[in-house]
Amino acid sequence: SAVISQKPSRDICQRGTSLTIQCQVDSQVTMMFWYRQQPGQSLTLIATANQGSEATYESGFVIDKFPISRPNLTFSTLTVSNMSPEDSSIYLCSVGGGSTDTQYFGPGTRLTVL
Amino acid sequence: KNEVEQSPQNLTAQEGEFITINCSYSVGISALHWLQQHPGGGIVSLFMLSSGKKKHGRLIATINIQEKHSSLHITASHPRDSAVYICAVRSEGGGADGLTFGKGTHLIIQP
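The listed protein sequences correspond, in order, to chains A and B.
The first sequence begins at 1 in the numbering used here and counts up by one.
The second sequence begins at 1 in the numbering used here and counts up by one.
Isolated chain A (complex conformation) (with noise of 0.2 Å):
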């Protein structure tokens, strides 16, 4: 099992500010995942992050907006850059992947743009 944790927790953020959410596992894990899920919506995937890669990012999501870091393999960050009032989410960060993994959630953080 992988335990994941993410800070912050939640933040309030001005318009047009960027803020930094950090993943950090208990455990080497080559596939981490970024999602991100609008309010009453389901989760959608951002990016995905491997170590010593280029992130590889989804449509509709590009890099100078969630500039994503992975200095190893315990460790991610991601950032939400020139915020919007649409930006307001929860994030969460992801691990396991391959058809025999079970999939590991972090708590997520809740990002309210004002």
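Where hints are given, some of them may not hold.
[To be verified] Facing chain A, a subset of chain B residues (Cβ under 7 Å, in silico):
#1 G52
#2 R58
#3 G104
#4 H106
[What the hints assert, rightly or not] With a straight-line Cα cutoff of 27 Å, these simulated DSS-like cross-link-like pairs (lysine-lysine) come out:
#5 B:K68 / A:K65
#6 B:K68 / B:K54
#7 B:K68 / B:K103
#8 B:K53 / B:K103
#9 B:K55 / A:K7
#10 B:K68 / B:K1
#11 A:K65 / B:K1
[To be verified] If you want a taste of the chain B side facing chain A, the calculated C-beta under 8 Å gives, among others:
#12 K103
#13 I108
#14 P111
Because the hints were derived from the structure by calculation, they are not lab data.
Computed from a predicted structure; not experimentally measured.
We treat Cβ as the ideally placed atom computed from N, Cα and C, and that holds for glycine.
Position chain B relative to chain A; hints supplied.
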């Protein structure tokens, strides 16, 4: 891209009832996950299926690969089962890809 549909969207039942939540998807998959999300956002993995049936306590999950359909059953439901249940799939050949999620089923079990 896989399309994941869940039904019902909302379900209210009395304690003790047998609950069924359905999930269908459009493209072949390597795995299907059933997840539980409680108020406050925490997500817990209940099952991962690639074929057949799995049981854990009062929860049973089945999948029919040919029909691209899965069901989650809860026997002897209890108010603590109240949560959002989410079906998510990993498409075939998508070992390095994230999951595609259904919109979830909001379940309320009344005492």
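Against the structure, the hints:
For G52 of chain B, the interface hint is violated, since its Cβ never comes within 7 Å of a Cβ in chain A; the closest pair sits about 14 Å apart. For R58 of chain B, the interface hint is violated, the least distance from its beta-carbon to any beta-carbon of chain A being 20 Å, above 7 Å. Below 7 Å, beta-carbon pairs count as interface contacts, and G104 of chain B has one with chain A at about 5 Å; its hint therefore holds. At about 10 Å, the closest approach between the beta carbon of H106 of chain B and any beta carbon in chain A exceeds 7 Å, and the interface hint on this residue is violated.
A distance of roughly 35 Å separates the Cα atoms of K68 of chain B and K65 of chain A; the hinted pair therefore is violated under the 27 Å criterion. For a cut-off of 27 Å, the pair hint linking K68 of chain B to K54 of chain B stands: about 17 Å separates their Cα positions. In summary, the hint linking K68 of chain B to K103 of chain B is supported, as the alpha carbons are separated by about 17 Å, within the 27 Å threshold. For the hint pairing K53 of chain B with K103 of chain B, the CA-to-CA distance comes to about 23 Å; that is within 27 Å, so the pair holds.
Annotation: proposed proximity of K55 of chain B to K7 of chain A is violated, straight-line Cα distance about 34 Å (limit 27 Å). At roughly 14 Å between alpha-carbon atoms, K68 of chain B and K1 of chain B fall within 27 Å of each other, so this suggested pair holds. Annotation: proposed proximity of K65 of chain A to K1 of chain B holds, straight-line Cα distance about 23 Å (limit 27 Å). Because the smallest distance between the Cβ of K103 of chain B and any Cβ of chain A comes to about 5 Å, under 8 Å, the interface hint for this residue holds.
With 8 Å as the threshold, the beta carbon of I108 of chain B stays out of range of chain A, its nearest partner Cβ sitting at about 16 Å, so the hint is violated. The beta carbon of P111 of chain B is not positioned within 8 Å of any beta carbon in chain A (closest approach about 26 Å), and the interface hint is therefore violated.
Figure legend: structure checked against the earlier numbered hints; hints not met, in rising order: 1, 2, 4, 5, 9, 13, 14.
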